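Going down the list, the protein sequences come from chains H and V. Note that the first sequence covers residues -17 to 219 in the working numbering. Note that the second sequence covers residues 31 to 288 in the working numbering.
What the hints contain is simulated information worked out from the structure, not anything from laboratory work. Here the structure is a predicted model, which means the values were calculated and not measured. Ideal placement from N, C-alpha and C gives every residue a C-beta, glycine not left out. Hints should not be assumed to be uniformly reliable.
Said to hold, decoys possible - Residues from chain V shown here face chain H by an in silico Cβ test under 8 Å; the list is partial: (1) Thr130; (2) Arg131; (3) Ala160; (4) Ser163; (5) Ile195; (6) Ala199; (7) Ser203; (8) Val204; (9) Thr207; (10) Gln209.
Said to hold, decoys possible - Chain V is faced by these chain H residues, among others (derived, beta-carbon under 8 Å): (11) Glu171; (12) Arg173; (13) Gly203.
The primary structure of each chain is shown beneath.
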Amino acid sequence: MTGGRGLPPVPAAVTDVVERVFATVGEVHQAALRPQARTGLRHGGAVLGDDVREVLLRPDQLAVGLGLVVAPRPERRLPLRLEWWQVDPDGGHLHALEPDLRPTSLGYYDYTAAEWFDVPRRTGRRHVVGPYVDVHGTGRYLLTLTEPVLIDGEFAGVVGADVPVRRFETHLLAELGADRTQFLLVNDEDRVVLSTSARRLVGGLLPPGQPGSGPAAAVPGVPWRFLPVDDGTLLDG
Amino acid sequence: MQLLSGDARRAVFAPLHDGALRSEAVVRRVGSAIALGLLGDGEQLPTETELATLLNVSTMTLREALAELRKLGLVDTRRGRGGGSFVRARDDVLGALADTRLADLGTTDLRELGDVHAAVAGAAARLAAARASRTEIARLRDIVDRLARAESVPGQRRAEGRYYIELAACAQSVRLTMQEMDLHLELGQLPWPPAHAPELLGVIVASHRAVVDAIAARDAATARALTEGHIETRTLWSIELRLRAVAAGGPVARREVS
């Protein structure tokens, strides 16, 4: 618990969870900067060592997927490359994500246009996408956290991790325990990331002109804001 | 199987459970996956054992299906090192396969399929009007533009499948997205109406554009009604194609005589 010092309890807890996942992303980042990884990046070979995927198997791991997406370099004839691993929902089994990279297919996924790739590339900063249905990648309902990898000052790709929306919610609700404060966590497109009011559903968009019951607070390090609400209860008849 | 991912892989290789003629079901599933571009020309299929396990059929059934796919010219099997079964995307064969499938179905089957599709896509459109972000709405528009520009039948089918699947993803629902993927593997087994009447592509494109406009205007009721209405129209097209095939002495009539 280091990320949330000086913040109210909820944004502090959110920041802690987010920083935990970004610490995992940081490990992937370090692995992508090793000398042998740089050779892979330059010549289109394997970049990350076998040890990286093992990070997914740690008992307290929130991420179910992680890896590196290497930016294509047409001028050097290097295509887009993915080194992304997933752990099965029932745990234990690791496998590489094999996405559909043919533009002609129904399942084609244009990674370079995906927000989790494009935003770190454009801004040079880390980003969190979601909740979203990862139709062409994993078929799960996810938050994807990414940051850019720079080699000699040049954008080389992104490293990141996938966290299932359910796991994020379960973890945070457990952290907050008996606290019955009603609040929403909303992302930069006004989509609800987490809600403790049954009237506002995760994945829904906040209707325009519906402010919370108190001032919104930015959550440090992520494009999210914390919004207290006062919705009462649905169960008292 | 290198290139297939996520829901698409899950749907193509989901266990089959539609009755006695399982090898035919395998042929249809693979044919539809090729028609939708989920299996690309030249792509290698998983090994016989892997495929049989994935589809939940016996190796015997799978071998029958592969033999049939080879006979149809949709699969090439090479022996020895670097051998295996490879996909051959042949539009003429897929067209004939779709006609045969249509002839196997009754008009009530077509109505049922349309009813489920209207329920799933209609719900997705309603929810998308409330939940789609501006980026997602722009992506839907882009897909409809690509559908309008697509010249080949497979290109049109892919863009169309993509439209409905993205619509379900815009609803923020993994389950609706999976349902839509499954439905497209079934719909992909049927003839593509614009292949018979090219001007129908314009009708399809105009309808999808109107739905995206309604979603952008956050008009959930209109998005749903337009989606359901269009799918009903599509069902009627299929039913008419089915009835016409009988009248013309198509595969059904011939089969019943012989």
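We went through each hint and held it up to the structure:
no.	hint	result
1	Thr130	violated, 22 Å
2	Arg131	violated, 18 Å
3	Ala160	holds, 7 Å
4	Ser163	holds, 4 Å
5	Ile195	holds, 6 Å
6	Ala199	holds, 4 Å
7	Ser203	holds, 7 Å
8	Val204	holds, 5 Å
9	Thr207	holds, 5 Å
10	Gln209	violated, 12 Å
11	Glu171	holds, 4 Å
12	Arg173	holds, 7 Å
13	Gly203	violated, 22 Å
Against the hints set out earlier in the document, violations occur for numbers 1, 2, 10 and 13.
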